[in-house]
Amino acid sequence: MALDALLQPVVLFFLLGALAALVRSDLAIPEAVAKGISLYLMMCIGLRGGGEVAETGFTHDMLLAGGAGLALSFLLPLPAFWLLRTAGRLDRTNAAAVAAHYGSVSVVTFATGFEILRQTGMAPAGYMVAVLALMETPAIITGLLLARAGGGDSLAPRGGLLHETFLNGSVILLLGSFLIGMIDGKEGLVSIAPVFDVPFRGMLCIFLLDMGLIAARRLLDRRALSLRTVLIAIALPLANGTLGVVVGMELGLNAGTSAAMGILAGSASYIAVPAVMRLALPAADPGLYLGMSLAVTFPFNLTLGISYYGWLAAHLYPLLRS
Amino acid sequence: MALDALLQPVVLFFLLGALAALVRSDLAIPEAVAKGISLYLMMCIGLRGGGEVAETGFTHDMLLAGGAGLALSFLLPLPAFWLLRTAGRLDRTNAAAVAAHYGSVSVVTFATGFEILRQTGMAPAGYMVAVLALMETPAIITGLLLARAGGGDSLAPRGGLLHETFLNGSVILLLGSFLIGMIDGKEGLVSIAPVFDVPFRGMLCIFLLDMGLIAARRLLDRRALSLRTVLIAIALPLANGTLGVVVGMELGLNAGTSAAMGILAGSASYIAVPAVMRLALPAADPGLYLGMSLAVTFPFNLTLGISYYGWLAAHLYPLLRS
Amino acid sequence: MALDALLQPVVLFFLLGALAALVRSDLAIPEAVAKGISLYLMMCIGLRGGGEVAETGFTHDMLLAGGAGLALSFLLPLPAFWLLRTAGRLDRTNAAAVAAHYGSVSVVTFATGFEILRQTGMAPAGYMVAVLALMETPAIITGLLLARAGGGDSLAPRGGLLHETFLNGSVILLLGSFLIGMIDGKEGLVSIAPVFDVPFRGMLCIFLLDMGLIAARRLLDRRALSLRTVLIAIALPLANGTLGVVVGMELGLNAGTSAAMGILAGSASYIAVPAVMRLALPAADPGLYLGMSLAVTFPFNLTLGISYYGWLAAHLYPLLRS
Amino acid sequence: MTSTIHRRRIEVLADEPLIPAIVRIAGEAGITHYTLMPTSGGAGAHGRWRDDQLSGATSKVMLLAVTSAEHAAAFIDRLAPLLESHHLMLLSSDVEVVRGRKFD
Amino acid sequence: MTSTIHRRRIEVLADEPLIPAIVRIAGEAGITHYTLMPTSGGAGAHGRWRDDQLSGATSKVMLLAVTSAEHAAAFIDRLAPLLESHHLMLLSSDVEVVRGRKFD
Amino acid sequence: MTSTIHRRRIEVLADEPLIPAIVRIAGEAGITHYTLMPTSGGAGAHGRWRDDQLSGATSKVMLLAVTSAEHAAAFIDRLAPLLESHHLMLLSSDVEVVRGRKFD
Ligand SMILES: Nc1ncnc2c1ncn2[C@@H]1O[C@H](COP(=O)(O)O)[C@@H](O)[C@H]1O
Ligand SMILES: Nc1ncnc2c1ncn2[C@@H]1O[C@H](COP(=O)(O)O)[C@@H](O)[C@H]1O
Ligand SMILES: Nc1ncnc2c1ncn2[C@@H]1O[C@H](COP(=O)(O)O)[C@@H](O)[C@H]1O
Ligand code: NA
Ligand code: NA
Ligand code: NA
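Protein chains in written order, with the numbering used here: chain A, 1 to 322; chain B, 1001 to 1322; chain C, 2001 to 2322; chain D, 3001 to 3104; chain E, 4001 to 4104; chain F, 5001 to 5104.
To be clear, the hints were calculated from the coordinates, so they are not data collected in a lab.
In this text the structure is predicted, and so the values were computed from the model without any measurement.
Glycine included, C-beta positions come from ideal geometry on N, C-alpha and C.
Possibly wrong hints are sitting among the right ones.
No farther apart than 35 Å at their CA atoms in a straight line, the calculated lysine-lysine pairs in the DSBU-like style are these [what the hints assert, rightly or not]:
#: 1; chain 1: F; residue 1: Lys-5102; chain 2: E; residue 2: Lys-4102
#: 2; chain 1: A; residue 1: Lys-186; chain 2: B; residue 2: Lys-1186
#: 3; chain 1: D; residue 1: Lys-3102; chain 2: E; residue 2: Lys-4102
#: 4; chain 1: C; residue 1: Lys-2186; chain 2: A; residue 2: Lys-186
Away from chain E, derived, C-beta distances all over 10 Å, residues of chain A [to be verified]:
#: 5; residue: Leu-22
#: 6; residue: Glu-55
#: 7; residue: Leu-64
#: 8; residue: Arg-85
#: 9; residue: Arg-148
#: 10; residue: Arg-228
#: 11; residue: Tyr-317
Here chain A stands alone, though its shape is the one from the complex:
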């Protein structure tokens, strides 16, 4: 599966972008377009998930997965924080900021994984989109507690940081699209499927081309990245992802859904969390947390991580079921 996955257009366009940046080409996707596509992808994912849940209705599995997702997002930053403090030798603030990124999730990693799993006949359950949305923010709270940061900072917004956290644009758009998908159901979405369903993979290619450019350019300007932090940025997704898959299995979720849980646990945020951290923990270095999540973990998950989580789920399934 690994190689097939690597040779899919979505991945190849990511590699093309990375390569272009590494040879210092001036290739660049206009920021407004990239931002537009990232919003578009969230709408697609939300609608698709909501549409499926509208069919299946609320199930026991759904609640289990949701609870597990919340727990993972809240708790995953703790071991990550410990690792970053000890092996990573980061100060408290930076360690807390980075830890929050790894407790949270990456929408595009999830989207790409979803596509790849579908290709290999392991389509995850639609409600995992809701789990995705649930997992975006709890890690931020853990991160802030770990940093002992509150509204104390004079630049912290009046409404406190929770507002910034839960009303982050990406969270709202994802949940909102999910609800719309549930309200209208698959039939109601047919008329807009030509925009929000059919072109999804192609749009993902364009977006990943841009991600490749961004990630590789960060890597070139790796002022903030040390070998230690790079290694940790690979160890964390492996550990968290494995844990996610196992948790999914233990909860009795099917292989594809457990793989998706692994992808969520193993992915690191680079949209919602950085925006909040910049505000809540200004002393933390954006070059560090964006460098780790965007320039190391994201490419790792895209190229190897996803395939590994899928492989793990596929092979654990029979064992645990027998």
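With chain A's structure known, arrange chains B, C, D, E and F with the ligands on it following the hints.
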């Protein structure tokens, strides 16, 4: 019909955008993308209308509708002006500027109405797109006359304001696309239908998400809006829309086409007219006319107005025909 | 064929844009969107070409066409330079800069020609996309040699100009997409065809609308353009295009492929070459080379040139084959 | 060391639709060279605004012109009466340039 | 000739997420009118950056406020302690305006 | 009241493709910190232009650097000979900053 209409994805995305803005989320669609989509929608509408007229050819109804549209656009600002001066207590300049907006039309309101009417089996005639284009500008002239404003203003462009008015980008694009649609006909458009026809509804969803954000943010910063002006911004579409439907009926247009006439009469411009007014009547407050047309009338039409005009046309039709 | 070609939506939208600019309408496509679409078109062209080559495999014709393309790109600037120096009365630097543009190619002219040829049953071979990519840069080197310019200029980038030239974003994206197309083959591309194949013509319409605006606005501000340079900007594509077609024929390529060779030879760059020239030959006037290639040659090729190259190929074919 | 000459740096913030007219007025004051810079939002006596490209009616552009004291004064004189009515912001400050003639 | 009054031109470069907070601080210092201008990239003690709209976390915005010397001083006093920790750039210069009252 | 130190505010307007080279020259003059700001159009001795992202050949970027008088002078000396040939605009003005060392 009302509720169905309200639960369509297009409307739900508008509500999602409005909600996000009301809870002060940082969700935002890049302006360049929003602008691009609004141009795209005009191309779609123009091509579709032109393609249909290419089939039907010029008809008697078409001329009637066109004449009626012109007349409505020229005359609707007069009662509006009177209402704004008396009940609205606005000064001459502001009243004239606002009145012009309500004589003109909203392309997106028309587009959304068109979709909703089609869904309910009341598809308006294709030539209404031409009527839409015809109605955009006459109201501006009436508005300027009401304000007693001419080229006197030292900032008024050399070529006078008529140039700005008739060569406004949206007018040109709409008419141009309409002509291209007529020239190539439906067959000629087949090869570009995957862009200008099939994805229309989906793109409309993205655009309305942005409109929801813009409208609600204007409402939050309602410095310029008083209860009086808000009420007028609801009364005007109701009155104008009803008049539009009745006129359509009296001219013997079918129910769907009459409903479309009502939508045009009831809608208020927020693209072509503000751009000209900012230049022609600088003393008029953009917060006022954009607040009324964008933050009050547009949402009203989208959620209730369109359904009402459709309902009215559907129920008047048998009466007048019997 | 000429008239049919002129009445195609793609061309009509170009004319609409040009008309809007000529009447000084404020119609404008956001730059970010235009840039995004131009990148999109390159991805489409690259994927399509690569996909076809994946089927046909490397052929003898392919090598011939590639070699011919390289030679044309290297050599076409020479007669152009001579013409610009003598008839055009340009100084060495400007003549060299302009000559480089005409040795290189225009991706959008190629794309439009490809579509028009397909319509008329003269679809060129897929490998012509690779030839397109090959032809983009050699002319730049010839141009720089003609200008006797090297890295001497204090602003010339460290890595020398070759880096700028060969790693230009458009070159990388075109070649990269071509490779991805070859790797995944037509089946592998099916899942992204809804984005990179089906909507191609429609997207081209939007892009050409913008090109019409840009070209006509350049023409209005024709400070740098004289009657002489305008005539040369029409003579060069005619001469180069004819040569391209004949060369294709002599190499035994089929009519459509020879026509495509003519389109490549006859087209002038306005993306890759200007960017490099601005840096390498700052003394050369951008108003001149962009004016000639974008405001004169591009519209000429789009409206007449393409049809002529196609006509020529169609009529020479039987002669040379008999 | 390269010698520099003092000139005036004029900045005018105006709604996009007004820019062509302001460029015309600048020309009448002898100012033909300028640069336009985008803005993304702000707040003033007439409330908050954020860039809106939909109608362009409420997006603002900053016009920067470096010119001689005389031309600057002439421009300011022409613009002064319009500042309030057209919601303009006009700034004038000192700046040094290398090629003096170019900025007369 | 139109007379002009001297005011302070304050410019603050900050990461996009910090702008609302900085606007709030400006308000506390009596500065309620401002203009936001986009930036596309740069480099400083904390490395290079280019505009990134994905998370907005690393795109910077320039806040421009023209105000009286007192308000400027009050604003600078409030902002000074945050400059280093929040990677801000604060510039203050002299500028002349026409309608003095408007820029107090 | 926070004390401020005087520095030079250098602004260079250049075509996008030239920016990397200008950043390099700034570095050679000891200027390593800068901010890039977008522009949308303008007019000069070489005619009108509007931002064009297609080739980027005719879109211009404003480079802003606040630095010490010496570095500023060194930068201006290096750039002066290129101003005319490369259609650059170079502006230098006085500005006050809080953390002097940061802007040397
Ligand atoms: N003192 C100021 N400093 C910076 N920008 C200002 C100032 N006053 C006004 N502006 C800008 O000019 C616009 C119009 O000003 P006003 O007419 O006061 O609403 C405002 O929205 C701001 O963007
Ligand atoms: N001396 C300077 N001149 C212009 N821009 C600067 C200067 N110093 C810092 N900046 C800008 O402020 C940002 C943050 O500065 P720093 O905290 O030094 O990294 C930099 O990335 C630059 O964009
Ligand atoms: N006096 C000026 N004030 C403002 N911008 C200028 C001035 N002179 C030149 N520019 C800008 O610099 C660009 C190149 O100048 P030029 O080489 O004179 O064409 C122009 O297109 C303007 O955008
Ligand atoms: Na995670
Ligand atoms: Na109306
Ligand atoms: Na050529």
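The hints, checked one at a time:
1. Between Lys-5102 of chain F and Lys-4102 of chain E the CA atoms are separated by roughly 33 Å; this keeps the pair inside 35 Å, and the hint holds.
2. Taking the CA atoms of Lys-186 of chain A and Lys-1186 of chain B, the gap is near 30 Å; set against the 35 Å cutoff, the hint holds.
3. Pair hint Lys-3102 of chain D plus Lys-4102 of chain E holds up; C-alpha atoms about 33 Å apart against a cutoff of 35 Å.
4. Our distance criterion of 35 Å between C-alpha atoms is met by Lys-2186 of chain C and Lys-186 of chain A, whose separation comes to about 30 Å.
5. Every CB of chain E is more than 10 Å from the CB of Leu-22 of chain A (nearest about 16 Å), matching its label as outside the interface.
6. With a closest Cβ-Cβ approach of about 32 Å to chain E, Glu-55 of chain A is found to remain outside the 10 Å limit, as its non-interface label requires.
7. Listed as outside the interface, Leu-64 of chain A is consistent with that label: its C-beta sits roughly 31 Å from the nearest C-beta of chain E, beyond the 10 Å cut-off.
8. Against the 10 Å criterion, Arg-85 of chain A stays outside the reach of chain E, whose nearest CB is about 21 Å from its own CB.
9. Remark: the non-interface label on Arg-148 of chain A is consistent with the geometry, its nearest Cβ contact in chain E lying 16 Å away (cut-off 10 Å).
10. Listed as a non-interface residue, Arg-228 of chain A keeps its Cβ farther than 10 Å from every Cβ of chain E; the least gap is roughly 19 Å.
11. Under the 10 Å C-beta cut-off, the non-interface status given to Tyr-317 of chain A relative to chain E holds; the minimum distance is some 35 Å.
The structure meets every hint from the earlier list without exception.
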